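J.: Construct all of the structure, not just a fragment, from the sequences and the given hints.
Chains A and B, in that order, give the protein sequences. Numbering of the first sequence is given in my numbering, commencing with residue 1 and proceeding in unit increments. Numbering of the second sequence is given in my numbering, commencing with residue 1 and proceeding in unit increments.
Hints are computed from structural coordinates only; laboratory data are not their basis. Quick caveat, the model's predicted, so the values are computed rather than measured.
Which copy is meant is left open, because identical chains are indistinguishable; a pair holds if it fits in one copy or across any two.
With a straight-line Cα cutoff of 25 angstroms, these simulated SDA-like cross-link-like pairs (lysine to any residue) come out:
#1 243 / 232
#2 233 / 248
#3 133 / 188
#4 210 / 181
#5 2 / 48
#6 210 / 117
#7 83 / 131
#8 156 / 96
#9 210 / 231
There are 2 protein chains.
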Amino acid sequence: MKIVLIGAGNLATRLGLHFKACGMNMLQVYSRTLAAAMCLAEQLDCLYTHVPGDVTAEADLYVVAINDKAFHDVLPKINFGNKLVVHTAGSIDIQILSDYAVNYGVFYPLQTFSKVREVDFFSVPICIEANSKENGRVLEELAKKVSHDVRYFSSKQRRQIHLSAVFVCNFVNHLYTIGGELLNEEGISFDILHPLIHETAIKAMAHDPKNVQTGPAVRYDRNVIEHHIEMLKNHPEWGNLYKDLSSSIHHLYQ
Amino acid sequence: MKIVLIGAGNLATRLGLHFKACGMNMLQVYSRTLAAAMCLAEQLDCLYTHVPGDVTAEADLYVVAINDKAFHDVLPKINFGNKLVVHTAGSIDIQILSDYAVNYGVFYPLQTFSKVREVDFFSVPICIEANSKENGRVLEELAKKVSHDVRYFSSKQRRQIHLSAVFVCNFVNHLYTIGGELLNEEGISFDILHPLIHETAIKAMAHDPKNVQTGPAVRYDRNVIEHHIEMLKNHPEWGNLYKDLSSSIHHLYQ
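T.: This is how it looks when you write it as structure tokens:
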């Protein structure tokens, strides 16, 4: 299967490298930024362009991994013919592609990607959707070559998955950041939190997180809560988060 | 070393079982609730009581693992003589024990404990503090028998560690819960989030979490953020958390 990557960011990089490792024929990389296109194409040993009109028509599949704000700028300038076009975004409806392609779908890998880190891609759940049974079959076949966990979802379901992911990944990472900053103020190394961070994650996966909530908020330990809020007086934004998260926990278990 | 446990909750249970496994001589368990005292004493093969005045004077060390609100009810009724007494709470000053004991300290294991789950106690950081060098030496020796990670902290530092732990454990678990509830509404199983939860935790430990923040808030992707808030309209409390966490992320990286 001959593939063109539209995009050269974190996700496009991880996808491209893994597709290549799985034996796919990577044909070309497009990016608005020439340097980014060149850099990824170098790693994939393929062609590159920063001109949408120069995207080759020879591929079987076009994988769009650019910011959704750029869709309307870039996609109308590419001639996809009747080839299969997929986007990779959790939050975007499949229908957005109907303006640019006849055969289209979604290939959303549910994971956090950074250029600095390799992930075990075979364990990443791939959420797929397609505009026809036949396109669904093609996408499923491809997805099963690159991951052990492939599932069909509607655009509505995928949006909900993406929203959940923001809570359990992006927001969680921000709480890790706050924890680290607070320790830093007392000259304490972040690594003291590692076993706690690890156990909290493992426990939520082994049990339902709703059933293993601990801490002052679920006990509604007013002394501790008030003292903590006082300790955060120099960080009013974090103090508010502390209050709102504690109330939300308290209300859920009341 | 002969030890008495004051308390029979999650922490007392995990401590007692691990101390016993490490060869300590567990003498007695006290709990206000007779059934809880009996249940833990049964597992530790030791004596039990629910009467503070019946706590034995024969121990070398008294480990207080009860809710801090109960300190003033229970501790004055126990005769500690000149024996070493430690509490196990992150948020409580060492000085609270000066009203009840001559030799005292703190033995705070930084981890989340449940009765339903065993943890690898040897990897749990133990934060110790003592009212004298000699008591510090005794506590350090004990702590090193039950954990590979023993560190001295002042009460002020320990309070900050506890506050950080609330963010990276209790609040993080609540975000996992919200993520699970949102999926549930669309009939999607929580396990689809497992690889993401795991990678988010591992990544924050391998790198500084501040350097690996991803998602719509750090990009300040207004379309996605507004759509997510709209999706949370039936959960106003979670919608507010979404807004406040997104603002907090945005301000940190601006």
